[in-house]
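Protein chains: 2
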Amino acid sequence: MKLQGKAVIAQGGGPTAVINQSLVGVALEARKFAQVDRIYGAQYGVQGIVNEDFVDLSQETVQNLEKVAQSPSSALLSTRDKPDEKYCKEIFKALKAHDVRYFFYIGGNDSADTVRIVNEEAKLARYDFRAVHIPKTIDNDLVLNDHTPGYGSAARFVASAFSGVNLDNRALPGVYIGVVMGRHAGFLTAASVMGQKYADDGPHLVYLPERPFTQEQFLGDVKSVFDQYGRCVVAVSEGIVNEAGTPVMTTLTKSTETDAHGNVQLSGTGMLGDLLSDLVKEKLKIKRVRSDTFGYLQRSFLGCVSDVDQREAREAGERAVHFALWHNLDGSVSIQRTANYGVDYRLQKLEDVARKTKLMPPEFINQQGNGVTDEFKKYLLPLVGSGFEAPHRLRAPGVPKLLD
Amino acid sequence: MKLQGKAVIAQGGGPTAVINQSLVGVALEARKFAQVDRIYGAQYGVQGIVNEDFVDLSQETVQNLEKVAQSPSSALLSTRDKPDEKYCKEIFKALKAHDVRYFFYIGGNDSADTVRIVNEEAKLARYDFRAVHIPKTIDNDLVLNDHTPGYGSAARFVASAFSGVNLDNRALPGVYIGVVMGRHAGFLTAASVMGQKYADDGPHLVYLPERPFTQEQFLGDVKSVFDQYGRCVVAVSEGIVNEAGTPVMTTLTKSTETDAHGNVQLSGTGMLGDLLSDLVKEKLKIKRVRSDTFGYLQRSFLGCVSDVDQREAREAGERAVHFALWHNLDGSVSIQRTANYGVDYRLQKLEDVARKTKLMPPEFINQQGNGVTDEFKKYLLPLVGSGFEAPHRLRAPGVPKLLD
Chain A
1 MKLQGKAVIA QGGGPTAVIN QSLVGVALEA RKFAQVDRIY GAQYGVQGIV
51 NEDFVDLSQE TVQNLEKVAQ SPSSALLSTR DKPDEKYCKE IFKALKAHDV
101 RYFFYIGGND SADTVRIVNE EAKLARYDFR AVHIPKTIDN DLVLNDHTPG
151 YGSAARFVAS AFSGVNLDNR ALPGVYIGVV MGRHAGFLTA ASVMGQKYAD
201 DGPHLVYLPE RPFTQEQFLG DVKSVFDQYG RCVVAVSEGI VNEAGTPVMT
251 TLTKSTETDA HGNVQLSGTG MLGDLLSDLV KEKLKIKRVR SDTFGYLQRS
301 FLGCVSDVDQ REAREAGERA VHFALWHNLD GSVSIQRTAN YGVDYRLQKL
351 EDVARKTKLM PPEFINQQGN GVTDEFKKYL LPLVGSGFEA PHRLRAPGVP
401 KLLD
Chain B
1 MKLQGKAVIA QGGGPTAVIN QSLVGVALEA RKFAQVDRIY GAQYGVQGIV
51 NEDFVDLSQE TVQNLEKVAQ SPSSALLSTR DKPDEKYCKE IFKALKAHDV
101 RYFFYIGGND SADTVRIVNE EAKLARYDFR AVHIPKTIDN DLVLNDHTPG
151 YGSAARFVAS AFSGVNLDNR ALPGVYIGVV MGRHAGFLTA ASVMGQKYAD
201 DGPHLVYLPE RPFTQEQFLG DVKSVFDQYG RCVVAVSEGI VNEAGTPVMT
251 TLTKSTETDA HGNVQLSGTG MLGDLLSDLV KEKLKIKRVR SDTFGYLQRS
301 FLGCVSDVDQ REAREAGERA VHFALWHNLD GSVSIQRTAN YGVDYRLQKL
351 EDVARKTKLM PPEFINQQGN GVTDEFKKYL LPLVGSGFEA PHRLRAPGVP
401 KLLD
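Here the protein sequences come in this chain order: A and B.
Each residue of the first sequence is one higher than the one before, starting from 1 at the first, in the working numbering.
Each residue of the second sequence is one higher than the one before, starting from 1 at the first, in the working numbering.
Extracted from the complex, chain A is given alone in its bound form (with noise of 0.2 Å):
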């Protein structure tokens, strides 16, 4: 017997450039489902749930829709709130008034765990539903995804950011410290090198979260660079931690601010680069040194996004609504690459995902801990999308001097 009711689709924690494909994937997928009655949007992610603040996406044009695909950021708007039980008491409570028996949550690993408590409150009350979390991070930190929606876009922003910055900086030489999000994960950091090309090209040096980071290694590798090249440009992770495992920018805010997750601020403030910068100057004495700190811009700049990255997020969202409406089951959708390069989609059990964290494997950073492999690099090439080509030079002879 076919499960008959409402479906409700919310987007939970930091945008990305392409989490409303996943978005529309579920929309027009799920209309073609008899059983499904209606299809709402849950504005402001599950406190949106709990507000019954829903609004009827089956009302909405495919036109509309395609364009709202192409949209940086979450159409239905976010929340940052991470529901205990009782606030999961509240969504269930919530969606059983309105008669929903599909939920899709498109988030990250602490919005799969959401999936996994309502859904676990749905069994207690023998209440006939499905759930499924459809995946979505920048940081590209999901277990049992060979990658997640939203990070080939924001990759080919970091990527794009630091092949411009390396030729700046070529120009006016110096050093230039790039400040890029990722929390305890470093692949947002990592794709800082797609740019690179010819043997000086930029970044020149690539500090992780997974490896402990030091002043003295800094520097040292910073006067190393500097000495061969006359410039040098770092990527470094905004999460990166010390030898105690402490992340550096922790030990510099005067006012820990920390979300409902507990997890301190990192972003929306230029302090760790201005501290790495301060170093470089007084330790190495060399003038020229700026730093940059990326920002939001690396989740929602207009424009900038991967034409493979967009098509995966629509496929997760198309997905989600098979494995909920054909096969009956919950779960969360993961992305599977089973060729170079093709992906598959598998649905993984809700508490395998759930508040886990994926972080960079050994192979993917090199020895010294300062930058990554060409594994890496072949990892990523496909992800970053079609039309991102690495910047040319001249090629010109020099010519012969005649003064003195």
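Where hints are given, some of them may not hold.
Which copy is meant is left open, so a pair is good if it fits within one copy or across any two.
[Unchecked claim] Listed below are the simulated DSBU-like cross-link pairs for lysine-lysine, each with C-alpha atoms no more than 30 Å apart in a straight line:
hint: 1; residue 1: K82; residue 2: K287
hint: 2; residue 1: K32; residue 2: K123
hint: 3; residue 1: K356; residue 2: K96
hint: 4; residue 1: K67; residue 2: K197
hint: 5; residue 1: K223; residue 2: K197
hint: 6; residue 1: K96; residue 2: K401
hint: 7; residue 1: K123; residue 2: K401
hint: 8; residue 1: K377; residue 2: K223
hint: 9; residue 1: K285; residue 2: K86
hint: 10; residue 1: K285; residue 2: K223
hint: 11; residue 1: K82; residue 2: K223
hint: 12; residue 1: K82; residue 2: K285
hint: 13; residue 1: K89; residue 2: K287
hint: 14; residue 1: K2; residue 2: K123
hint: 15; residue 1: K356; residue 2: K287
hint: 16; residue 1: K283; residue 2: K82
In short, the hints are calculated from the structure, not lab data.
These numbers were taken from a predicted model, which means no experiment stands behind them.
For this one, chain A is given, so just place chain B on it according to the hints.
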């Protein structure tokens, strides 16, 4: 009688996304003239001329030149050197030694001044010589120009950044402050509004160097927007000054770093954003406050380029060759708007452009001094190029509540 000899081209100051279009415009156009023996490129701007650091662009393929034209940043590398009379004598000496009769320098108002002095040296020495300045600056601050090559692409970057950030801030509400380049002129910061479509789209506040910045107005403005929308996006120029005319930034820096032009370092640090962010947190007790400093990405980001800007930068280079070779004239190429939208290129006297700064005209700034006018939007629209489309929102109807 035609002036026979070599041509030298160089690039000065901060790179842009289209500065190589002008370079290639000169290189390809100059080859068509029999009186040009060779076309040399000087590496690192005027510094490369003094050091006879020339490459022979005549030996570049059209294929590679066209690829370089598409690449951001200065392919001939750049310099911040601001030559005085003695330096210009050295420049002239090197040019004369290589039998250079045509000198093209791509840069801002300081570069125009360098061209002017070198040209006067040549006249004093009765050396037959043509010198043309080709405009370039993301700041859009050259007088006698409707706008300058480099501005349109940088404006597109800033507009794309704020358009995405506005959606991000809508999904996860709070206060967001984006710091944009621009020492004296606010044109680039003003470009932040180009992605606005819905009435509540940010940036809600825009602060320019042309109007005095006071903490009181800033905090009052932010509070007022936040009370209305529950969120606030602010665009602020790095060059904002207080009522005494002192850059707000210099009141913050411990060690003021100045370049050869006596300019204090404004970019490459997140301090201004952090200061404003702290102010809002402390005085308005708003919890979620974020700031980003867009930094060097604005002028070098790979792949964010205005096709109109590209075409005009190319034409400015081509026309520079025409003025020097067909018309035997010195001067500074300028862009005039002749239609909506069409441009023409006129040659200005070097002394009329050199060292002068154009600011935002009063009709582009709103009365409160915290935003821009529709007249500015009309001015900017064609410059950001084709394919720039503001994002779309869902417009699904709300669903009645069932609980309580």
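Now the hints, each set against the structure:
In this homomeric assembly, K82 and K287 come within 30 Å of each other (Cα to Cα) only across copies, at 18 Å, whereas the closest approach inside a single copy is 45 Å. Only within a single protomer do K32 and K123 lie at most 30 Å apart by alpha-carbon distance; the minimum there is 26 Å, versus 80 Å between protomers. Taking identical chains as interchangeable, the C-alpha atoms of K356 and K96 lie at most 30 Å apart only when both belong to the same chain, with a minimum of 29 Å there against 69 Å between chains. Taking identical chains as interchangeable, the C-alpha atoms of K67 and K197 lie at most 30 Å apart only when they sit on different chains, with a minimum of 14 Å there against 35 Å within one chain.
In this homomeric assembly, K223 and K197 come within 30 Å of each other (Cα to Cα) only inside a single copy, at 23 Å, whereas the closest approach across copies is 48 Å. In this homomeric assembly, K96 and K401 come within 30 Å of each other (Cα to Cα) only across copies, at 12 Å, whereas the closest approach inside a single copy is 83 Å. Taking identical chains as interchangeable, the C-alpha atoms of K123 and K401 lie at most 30 Å apart only when they sit on different chains, with a minimum of 24 Å there against 83 Å within one chain. Within a single copy, K377 and K223 get their C-alpha atoms as close as 26 Å, which meets the 30 Å cut-off; across copies the closest is 46 Å, which misses it.
Taking CA atoms no more than 30 Å apart as the test, K285 paired with K86 passes between copies only; the shortest distance there is 29 Å, against 56 Å inside one copy. Taking the shortest Cα distances, K285 and K223 sit within 30 Å of each other inside one copy (10 Å), while across copies they are farther apart (43 Å). Taking CA atoms no more than 30 Å apart as the test, K82 paired with K223 passes between copies only; the shortest distance there is 28 Å, against 44 Å inside one copy. In the homo-oligomer, the alpha carbons of K82 and K285 lie at most 30 Å apart only across protomers (23 Å), although the nearest pairing inside one protomer, at 46 Å, exceeds that limit.
Taking the shortest alpha-carbon separations for K89 and K287, only the inter-copy value of 28 Å comes in at or below 30 Å, while the best intra-copy value is 58 Å. With identical chains, the CA atoms of K2 and K123 are at most 30 Å apart within one copy only, with a shortest distance of 17 Å there and 91 Å across copies. In the homo-oligomer, the alpha carbons of K356 and K287 lie at most 30 Å apart only across protomers (28 Å), although the nearest pairing inside one protomer, at 43 Å, exceeds that limit. In this assembly of identical chains, K283 and K82 lie within 30 Å of each other by CA distance solely across copies; the values are 28 Å between and 43 Å within a copy.
Every hint from the earlier list agrees with this structure, and none is contradicted.
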